[in-house]
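Protein sequence lines correspond, in order, to chains A and B. With the UniProt record's numbering applied, the first sequence covers 1 to 237. With the UniProt record's numbering applied, the second sequence covers 1 to 347.
Heads up, a few of these hints could be off.
Taking CB as the label site, the calculated pair distances span [claimed, not checked]:
#1 B:Phe131 with A:Leu164: 39 to 47 angstroms
#2 A:Ile110 with B:Lys28: 53 to 61 angstroms
#3 A:Leu181 with B:Ser65: 26 to 34 angstroms
In case anyone wonders, no lab produced these hints; they're calculated from the structure. Computed from a prediction, not measured in an experiment: that's the story for all the values here. C-beta atoms are modelled at their ideal positions from N, C-alpha and C, and glycine is treated no differently.
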Amino acid sequence: MTFSAKRVMAIFQKDMKDLSKNMYVGTTILTPLILAMIYGGMIDNPTIEIHYFVINLALSIVTAFVQCAIIAEEKEKNTLRGLMLSPATIPEILGGKSLVTFILTIITIILCAMLTGYEPANLGIIAIAITISTLFYIALGTLMGLLSRTVMEASIVILPVMFLFGFGTILQPFAEDYPILSVIDYLPSTQLLELATLVEAGSGFVDVGGNLAIIFAWVVVATIATSIVFKKREMDE
Amino acid sequence: MTILIMKNIEKHEKDTILFPSFHLAIAKSEITAIYSTLNVRSTVLDMFIGNIPTINGEITINGESLFKNKQAYLLQLGIYYFEEGLYERLTVRDYFAFFGRLYGFQKSFDQILQLTQLQEKKHKKIKDLTFSEKKRVQYGRLLIQSPSLFIFEEPDLNVDMETKRIFINITKILQEDGKGILLLTGNMESAITIAGHVYRLDEDGLRLFETEAEEQNTSIIEAEEREDEKESKPIRFNKIPTKVNEKIVLFDPPEIDYIESNDGQASIYIKGEAFPSSLTLTNLEERLKHVGFFRCHRSYIVNLQKVREVITWTRNSYSLVLDDKEKTQIPLSKGKMAELRDLLGIK
Chain A
1 MTFSAKRVMA
11 IFQKDMKDLS
21 KNMYVGTTIL
31 TPLILAMIYG
41 GMIDNPTIEI
51 HYFVINLALS
61 IVTAFVQCAI
71 IAEEKEKNTL
81 RGLMLSPATI
91 PEILGGKSLV
101 TFILTIITII
111 LCAMLTGYEP
121 ANLGIIAIAI
131 TISTLFYIAL
141 GTLMGLLSRT
151 VMEASIVILP
161 VMFLFGFGTI
171 LQPFAEDYPI
181 LSVIDYLPST
191 QLLELATLVE
201 AGSGFVDVGG
211 NLAIIFAWVV
221 VATIATSIVF
231 KKREMDE
Chain B
1 MTILIMKNIE
11 KHEKDTILFP
21 SFHLAIAKSE
31 ITAIYSTLNV
41 RSTVLDMFIG
51 NIPTINGEIT
61 INGESLFKNK
71 QAYLLQLGIY
81 YFEEGLYERL
91 TVRDYFAFFG
101 RLYGFQKSFD
111 QILQLTQLQE
121 KKHKKIKDLT
131 FSEKKRVQYG
141 RLLIQSPSLF
151 IFEEPDLNVD
161 METKRIFINI
171 TKILQEDGKG
181 ILLLTGNMES
191 AITIAGHVYR
201 LDEDGLRLFE
211 TEAEEQNTSI
221 IEAEEREDEK
231 ESKPIRFNKI
241 PTKVNEKIVL
251 FDPPEIDYIE
261 SNDGQASIYI
271 KGEAFPSSLT
281 LTNLEERLKH
291 VGFFRCHRSY
301 IVNLQKVREV
311 ITWTRNSYSL
321 VLDDKEKTQI
331 PLSKGKMAEL
341 RDLLGIK
């Protein structure tokens, strides 16, 4: 099996064009943008929590959902078979789709940050942290895409993800009353927020290493889970 | 040179045999059709892509098999599925460009657009095309792939005349290019019109349709019948008997649309419904010749009163279109075309 960048680009271009005309998936990208606009307009000096509430929502809605939906749609519309019979391999197909999701995510987050007026103290660290987080949500979206058969199903399985990862940070204050909720401290979204708070306080790379490691651990776990599901699905067929 | 070799292919489902072991080879420039039920057809297709194991059998295309070198095998094989998904939001051009990049297609798309007659629609989104035009997009995609072996599943089912003509034209071009074509269909008319060799595949195995043996058989029966006639002269009457649930139903010849032979058994079609007849096709031809019926193919007799149109697909493939609601098409063989011309008085 050879990995061809040309075919990855072909799939990337195809999905970009397809997505630009897809109203259903396309409009979900607007959700975090609208939210960012409301917050940006309402609050003069938004706290770091508000910036990251919008960014985490963008990661769970845009990244995970778009990735999930474009994989599920290939199955729903019966087009995946044609791709599988073509020279494109599965890593190439998923690679092309992940690239689409990645670029859309970065654009959305940059737009959101501009709207809420977020200017990180150390852009380098934040960029790395957001990139790693995006990889986690892409892996998560792929996993759900493999599990769901239609776009409708995709929009349902995204709900718990959106709740847990998007709104997880809101639940944090309750963790003192309910010890079980302390798990939230280790969610990638909470870690991202913690990291950003540290960065604002003037911390360097070494101080946030632990947070980055935890987010990266999530990437590894999600990737392993995705490949297990993928192998199992392949055997079933 | 042989492109496709299917060896020892069989399928049993629990206690029933879907089809017993068969062999099939397709050479370069050969169009072969397999006439079968949907169930058999999808099983054969699944065997081609390895979803159903071939157990003791083997499918090789240009010497490559699915298990030895999957990528090389799949490159040689292009399948047109009847139920194929298209990226409906893309335009025709973008769709072709995408598959062109996947398959490393170097040539210009104009030729593909011209062959499929989609030039005017190339900037239209696929979802805005008609059913027949979507089918043409599918043909175009296979042309871009340009494999050695083309498999078409019901390529002309429910398509309009223009599309059928385009499809037949494409098969002729592929034939000239030395490609192998396998047609899987449940429509005998399209199998006969498009393919050079027509097989029937069912629980009795793979059998060549309209073989010489069948002809001989009928002539023997004819001979026997002639002897019978000498002994007792039956009263001549002009009704055609058919069997419907143990009953014998008699039809007037003008009611009949056409008659099709299925393995020596003639089926009489009246308003889209088939009635089995106990008579052979030769026998029926003899009886009906005088009332405007015409043997247009070795396996077909048509009521000329019901024919509306004679279509010429290519220089040697023709069909007759009946004047009924479904516009049924009936194959007309090359030899019979000349005979029909004489009959109609056209030079």
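Do the hints match the structure? See the list:
no.: 1; hint: B:Phe131 with A:Leu164: 39 to 47 angstroms; result: 44 angstroms, holds
no.: 2; hint: A:Ile110 with B:Lys28: 53 to 61 angstroms; result: 56 angstroms, holds
no.: 3; hint: A:Leu181 with B:Ser65: 26 to 34 angstroms; result: 57 angstroms, violated
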